[in-house]
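A.B. asks: Chains as they are written, first to last, in full-length UniProt numbering: chain P, 1 to 314; chain A, 1 to 314.
Keep in mind the hints are simulated off the structure, nothing from the lab. There's no promise every hint is true.
Since the list can't tell identical chains apart, any single copy or any two copies may satisfy a pair.
To be verified - Below, simulated EDC-like cross-link-like pairs (lysine to aspartate or glutamate); rule was C-alpha separation at most 16 Å, straight line: (1) Lys-223 to Glu-181; (2) Lys-270 to Glu-256; (3) Lys-223 to Glu-47.
It should be emphasised that the depicted structure is a prediction, and the values quoted were computed from it without experimental measurement.
Given next are the chains, with one letter for each unit.
There are 2 protein chains.
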Amino acid sequence: MPEALKAERPAVDRLAIVGLGLIGSSIARAARRYGLARTIVAVDRDEAVRDRVRELGIADAVTGDPAEGAADTDLVILCVPVGAIGAAAAEMMPHLKAGAIVSDVGSVKGAVVAAIRPHLPEGVALVPGHPIAGTEFSGPDAGFATLFQGRWCILTPPEGTDPAAVETVRALWAGMGANVETMSAEHHDHVLAITSHLPHLIAYNIVGTAADLESATQSEVIKFSASGFRDFTRIAASDPTMWRDIFLNNREAVLEMLGRFNEDLSALAKAVRWGDGDALHAMFTRTRAIRRSIVAQGQETAAPDFGRPRPPEE
Amino acid sequence: MPEALKAERPAVDRLAIVGLGLIGSSIARAARRYGLARTIVAVDRDEAVRDRVRELGIADAVTGDPAEGAADTDLVILCVPVGAIGAAAAEMMPHLKAGAIVSDVGSVKGAVVAAIRPHLPEGVALVPGHPIAGTEFSGPDAGFATLFQGRWCILTPPEGTDPAAVETVRALWAGMGANVETMSAEHHDHVLAITSHLPHLIAYNIVGTAADLESATQSEVIKFSASGFRDFTRIAASDPTMWRDIFLNNREAVLEMLGRFNEDLSALAKAVRWGDGDALHAMFTRTRAIRRSIVAQGQETAAPDFGRPRPPEE
Chain P
1 MPEALKAERP AVDRLAIVGL GLIGSSIARA ARRYGLARTI VAVDRDEAVR
51 DRVRELGIAD AVTGDPAEGA ADTDLVILCV PVGAIGAAAA EMMPHLKAGA
101 IVSDVGSVKG AVVAAIRPHL PEGVALVPGH PIAGTEFSGP DAGFATLFQG
151 RWCILTPPEG TDPAAVETVR ALWAGMGANV ETMSAEHHDH VLAITSHLPH
201 LIAYNIVGTA ADLESATQSE VIKFSASGFR DFTRIAASDP TMWRDIFLNN
251 REAVLEMLGR FNEDLSALAK AVRWGDGDAL HAMFTRTRAI RRSIVAQGQE
301 TAAPDFGRPR PPEE
Chain A
1 MPEALKAERP AVDRLAIVGL GLIGSSIARA ARRYGLARTI VAVDRDEAVR
51 DRVRELGIAD AVTGDPAEGA ADTDLVILCV PVGAIGAAAA EMMPHLKAGA
101 IVSDVGSVKG AVVAAIRPHL PEGVALVPGH PIAGTEFSGP DAGFATLFQG
151 RWCILTPPEG TDPAAVETVR ALWAGMGANV ETMSAEHHDH VLAITSHLPH
201 LIAYNIVGTA ADLESATQSE VIKFSASGFR DFTRIAASDP TMWRDIFLNN
251 REAVLEMLGR FNEDLSALAK AVRWGDGDAL HAMFTRTRAI RRSIVAQGQE
301 TAAPDFGRPR PPEE
């Protein structure tokens, strides 16, 4: 897929990114590479992260002070874990100018809207966002400018949000190469519960089950992981704080999907126990169609490296 | 990792491979490339597969006749699905010469030994094997010579097997670049239940759960699959017949591991329901150690393409 082109004019003048982890630092890199902001301000409460961001040179200004980060800013994107978004919003919001826009990249949206809204000053628009992109790595070094290329970004503006604000955020993501879609926060949380949250819960769970095996077997689990288990460990290596917050903040949808999963698993276990080969074969065939659709829609390739985005040498 | 070198002398004179799918055709390619057999005979009951193997030119002889395949053969490797191994053994075994060796590549070993043993003629050794290698693709075109490079191959010779026969099979796998380990069939089935069989059952199950969602949501599942679900669909795209047979033939070990998995999942679900963030964080941190061990032991890389073997252009 062709890389995004440099924008003719910036989507925003002054862009503040709060939290320079994998996603935040990727936005900083992409916004600069594609000319999407005149000034990029990195805001992080962690001094080590600020030092590293300065070394990497991926922002025009770096600060630990929320008020300084908010000053004269057109768009603030909160890239902290979902559980920290309310506190980050409370610190910055009072310092925003009228006409500013607040966005985020949290993996749940209903709880995020609920956390930010009480702190939103008059005249500041809220356009929550969620880029469906990432790797299992964390921190400012893990980001890269092409992370969002060809990936989806879902925006969940509450009803009545200024369409111009939505368009500004959309233009930023489109400029970073993402496909942008808009839906309600509730619907987002329902869809992501099955595409993302439940898969992570299951992966964490099975790796945990393996970790509890007698130590002799556990070393063999590691040795022979290439037979399927390995892919689960990659998912289960994701950031623990981020994922704790996701489950705490999308509880109902996750538990509903888990209920469906458990019903299906009981049926499958029964087919194994009773040796019902036809039922097993039918089940295992049916799942191939979904895979084909995913490959057909360009969200995956059939290549052995899975077409995963490889961070360029920067 | 350096590629295996061409052997100084072949491990066997006449090698028969029964079933030219992903694994069988990879063995044919590797045996030729690394000079491990003087003559490679491809045996397949499917005419279309035989035609394709001839076109690919990966064997010295191609036949659909088990007797012809067995004639004067030193080593037969049965590469058919686990459920078909008994029938394949019954057809070929009577035609084997004394001193021949029978092996296989099945993902379960206890049931395979039970299926082959009744057909084993006097003077023929049984050395079951299981290469921990594969992709989600099937058929003679899917194979490649370096598939086993740096991967494990487990041999499960029954007690009292001629050590020379075990050594021949070991030398063949080592010659194809695999690390070879020997253990009992029972232990193999126990370890593989957690490293391979349960992960596949879980992956098939969650993809099935998603397939049952209302159709509107299902199209979104496909669209937003990059958020975790995608990796499960890859595992769940594996060959349905092969996996049906695995579950039918490793029932007890799979159900035992599933029981452990379900207990852990109940505890995790409870932590989500009660909002126990500390328990979730502890669980999600613990699983990282296993991942690190897997990367450290060279069964995975931290690279974004996961260091998966890429089939060379052949």
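A.B. asks: Are the hints correct? Go through all of them and say.
C.D. replies: Tested hints:
no. : hint               : in the structure
1   : Lys-223 to Glu-181 : between (42 Å within a copy, 11 Å between copies)
2   : Lys-270 to Glu-256 : between (22 Å within a copy, 13 Å between copies)
3   : Lys-223 to Glu-47  : neither (39 Å within a copy, 38 Å between copies)
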